[in-house]
Amino acid sequence: DCPGTGSAQAGRAAACQGCPNRRLCATGGAAPDPAEAAELRERLRSVKHTILVLSGKGGVGKSTFSALLAHGLAADEAKQVALLDIDICGPSIPKMMGLEGEQVHQSGSGWSPVYVEENLGVMSVGFLLSSPDDAVIWRGPKKNGLIKQFLRDVDWGEIDYLIVDTPPGTSDEHLSIVQYLSATHIDGAVIITTPQEVSLQDVRKEINFCQKVKLPIIGVVENMSGFICPKCKNESQIFPPTTGGAEKMCQNLNVSLLGKVPLDPQIGKSCDKGQSFLSEAPESPATSSYRNIIQRIQEYCDQDHSHEEKII
Amino acid sequence: LLSFLPERSNLAGVRHILLVLSGKGGVGKSTISTELALSLRHSGKKVGILDVDLCGPSIPRMFRVQDSDVHQCDSGWVPVFVDQDKSISLMSIGFLLEKPDDAVVWRGPKKNALIKQFVADVAWGDLDFLIVDTPPGTSDEHISTVEALRPYKPLGAILVTTPQAVSVGDVRRELTFCKKTGLRVLGIVENMSGFVCPHCSECTNIFSKGGGEELAKYAGVPFLGCVPLDPQLSQSLEEGRDFIQEFPKSSAFPALASIAQQILDGTSQQSS
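So the protein lines, in turn, are chains A and B.
Residue numbering for the first sequence follows the working numbering, starting at 1 and increasing by one per position.
Residue numbering for the second sequence follows the working numbering, starting at 1 and increasing by one per position.
Treat the hints as calculated values from the structure; they're not laboratory data.
A portion of the hints provided could be inaccurate.
What the hints assert, rightly or not - So, partial list: chain B residues that the calculated Cβ filter (under 8 Å) puts toward chain A:
no., residue
1, Lys24
2, Ser58
3, Gln72
4, Arg107
5, Leu149
6, Leu155
7, Cys197
8, Pro198
9, Glu202
10, Thr204
11, Ile206
12, Phe223
13, Ser234
14, Gln261
Unchecked claim - Computed beta-carbon distance windows for the label pairs:
no., chain 1, residue 1, chain 2, residue 2, range
15, A, Asp302, B, His199, 39 to 47 Å
16, B, Asp85, A, Pro141, 53 to 61 Å
17, B, Asp126, A, Gln295, 44 to 52 Å
18, B, Gly266, A, Pro230, 35 to 43 Å
19, A, Asn252, B, Asp83, 29 to 37 Å
The beta-carbon is built from N, C-alpha and C at its ideal position, and this holds for glycine as well.
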């Protein structure tokens, strides 16, 4: 049985014989070396709160939620918010933030994030691609390298909230971001799901991943939770919670359910236009759900003072 | 001397291999793979599904065989048969996990090793179609799968998208992947294309409309059709039921049946 790529036994246990990953694990190739770790710590010193947005499942609304969380937190002009998109193959954040076609500029102090507002900066591989047809066909190690650069070379400045949007799964990107961010303090992960078992079965794995790497879970958001027909006002369960939805899963696994968000056609439209759904449809039930969830996340971060006690 | 004779490849009996790709997650790759397999089965074909999504394997549950085990034979792994008549067989990491909620937290090289095994070591026997269901993206799994399948000359790839621009944006990149790897694009499916309220029949375009069709036109590839959101389809997948057999009057049925027919027509044209 694999001891785990992050464990002290990685690459050295009896079970590792014959595993093609053995050398990489044994040489600790996956973890940053001490000099790099120091560099990352220095760069991330001025980040007060870090939130990872995860799922196991694709297409449940991670990027949508990350974008709205960023807008929601940045509504307080006194706060500085950063949104980092580490989905290297499918970077959705530039489009959702209305920043398609923007490029990254270099300065003496590093790469400049692309600013949506004065207090909301964004970074994504999307800004490094010259055409919307460009594919990033990279294996794991190259993706890890770029993620490290995003953390080391981007001049974020002083940030109150760093939000990290991730691709679906439990692989290179997820291991790397947790390892690289160990140089700073991660407040926790927000896990997104939809109500049906096909999603939940992947999300349980993501929760298991968080437990394995000791990443605190702020809570779970159940997205696409019901649809109210605009004409007859009847509700349909398009993605039916056949096994009890996120509510039952959260009860079973003892994690917090932050809220449920219904389907609203305006959400997709706003994402496609690069506008904030919260501003475009302030009266939508989905907007109040999102706002409540964002508030709960803010409260969680405010209570979490342990970063002030971290030993640098 | 006998030990030096080349073994018959496990894919030698497979007539057509096709991949189901997207760039985007959650658009319905596994759903389309499943429904395509069920439709082809109803046309009398023998079908296998190879699920190379190692982090989020959805296929076993969609056929209600998530608790099955994989056995070995002389030629390798025996695929899991969905029912007695053995017309659909599956392979997925889902069958190899001791605890279904355990995360498979593997970096690229380990994923690549298992995918090579999945391609070479599953004793499929004779199949009309092998459908390869993939995770979202253009990374290790995709590169390794295409490389491992190349000697067996896959028929091509079906690309699945939802209508909205955010999805189409990722699928454009997947089209580039296909071009760069020499994988023929059989067509694009626009999934979750509209929802007809079962109470009042009002159609709402929850995830917008038309993006998949426009992309097919832009890229010069066939458009295989729009599949609407259908709660009966979602329910069937949840329960591992045969949607094609049980819900022929359902709103998604015509589109799904048409996709399968276009694939069959394509292969019969090829052989004539």
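Checked hints:
Annotation: B/Lys24 was flagged as interfacial toward chain A, and the flag holds, the nearest CB pair being 6 Å apart, inside 8 Å. With a least beta-carbon distance of about 6 Å to chain A, the hint placing B/Ser58 at the interface is held under the 8 Å criterion. Hint on B/Gln72 is violated. Least Cβ distance to chain A is approximately 17 Å, over the 8 Å limit. Look at B/Arg107: its Cβ gets to within about 5 Å of chain A, closer than 8 Å, so that hint holds up.
With a cut of 8 Å, the hint placing B/Leu149 at the interface with chain A is violated, because the nearest CB-to-CB distance is about 16 Å. A hinted interface residue such as B/Leu155 counts as satisfied when its beta carbon comes closer than 8 Å to some beta carbon of chain A; here the least separation is about 21 Å, so the hint is violated. Interface hint at B/Cys197: satisfied, since its Cβ lies 4 Å from the closest Cβ of chain A, which is below the 8 Å cut-off. At about 6 Å, the closest approach between the beta carbon of B/Pro198 and any beta carbon in chain A falls short of 8 Å, and the interface hint on this residue holds.
Below 8 Å, beta-carbon pairs count as interface contacts, and B/Glu202 has one with chain A at about 4 Å; its hint therefore holds. Of the supplied interface hints, the one on B/Thr204 holds, with its beta-carbon coming within about 6 Å of a beta-carbon of chain A, less than 8 Å. For B/Ile206, the shortest C-beta to C-beta distance to chain A is roughly 5 Å, which falls under 8 Å, so the interface hint holds. Nearest Cβ of chain A to the Cβ of B/Phe223: about 18 Å, over the 8 Å cut. The hint is violated.
Using the Cβ-Cβ criterion of 8 Å, the hint placing B/Ser234 at the interface with chain A is satisfied: the shortest such distance is roughly 6 Å. Annotation: interface hint on B/Gln261 violated; nearest CB of chain A at approximately 26 Å, more than 8 Å. In this structure, A/Asp302 and B/His199 meet the distance hint of 39 to 47 Å, their C-beta atoms being roughly 43 Å apart. Against the hinted window of 53 to 61 Å, the Cβ-Cβ separation of B/Asp85 and A/Pro141 comes to about 45 Å, which falls outside the hint.
With their beta carbons about 59 Å apart, B/Asp126 and A/Gln295 fall outside the hinted range of 44 to 52 Å. A hinted range of 35 to 43 Å holds for the C-beta pair B/Gly266 and A/Pro230, which are about 39 Å apart. Evaluation of the 29 to 37 Å hint for A/Asn252 and B/Asp83 yields a pass: the beta carbon distance comes to about 31 Å.
Violated hints, listed in ascending order, are 3, 5, 6, 12, 14, 16, 17; each of the other numbered hints is respected by the structure.
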